Amino acid sequence: MEGSKTMEQKVLDVYEILKELCLVKENPSVSSNARRALASVWQIVNNLGLEFEQIYEYE
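Just remember that our numbering sits 754 ahead of the position in the sequence shown, which is counted from 1.
The hints are simulated quantities; they were obtained by calculation from the structure and are not laboratory data. Worth double-checking, as some hints may not be accurate.
Unchecked claim - Using 25 angstroms as the maximum straight-line C-alpha spacing, the simulated SDA-like pairs for lysine to any residue come out as follows: (1) K779 / S794; (2) K773 / Y810; (3) K773 / N787; (4) K779 / Y810; (5) K773 / Q797; (6) K764 / I798.
Remember, predicted model here, so these are calculated numbers, not experimental data.
All chains, full assembly: derive it from the sequences and hints.
This is the structure we're talking about:
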């Protein structure tokens, strides 16, 4: 059930979805906007100590 996920898991879900959307080649506006959103969510993920990675490959 979706409501039983922790806040941290929800943030990680959004983070993973945005990383996938950054790689969309068929629609440049999707990948461009996803990269912008990913930068913000990356800050949340790092501040919570959930993942430690650089996101250069999604630029």
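These are the hints, each one checked on the structure:
The straight-line distance between the Cα atoms of K779 and S794 is roughly 21 angstroms, inside the 25 angstroms bound, and the hint therefore holds. The straight-line distance between the Cα atoms of K773 and Y810 is roughly 11 angstroms, inside the 25 angstroms bound, and the hint therefore holds. For the suggested pair K773 and N787, the alpha carbons sit about 11 angstroms apart, so the restraint of at most 25 angstroms is met. For a cut-off of 25 angstroms, the pair hint linking K779 to Y810 stands: about 17 angstroms separates their Cα positions.
The hinted pair formed by K773 and Q797 meets the criterion: a straight-line CA distance of about 14 angstroms does not exceed 25 angstroms. Taking the CA atoms of K764 and I798, the gap is near 11 angstroms; set against the 25 angstroms cutoff, the hint holds.
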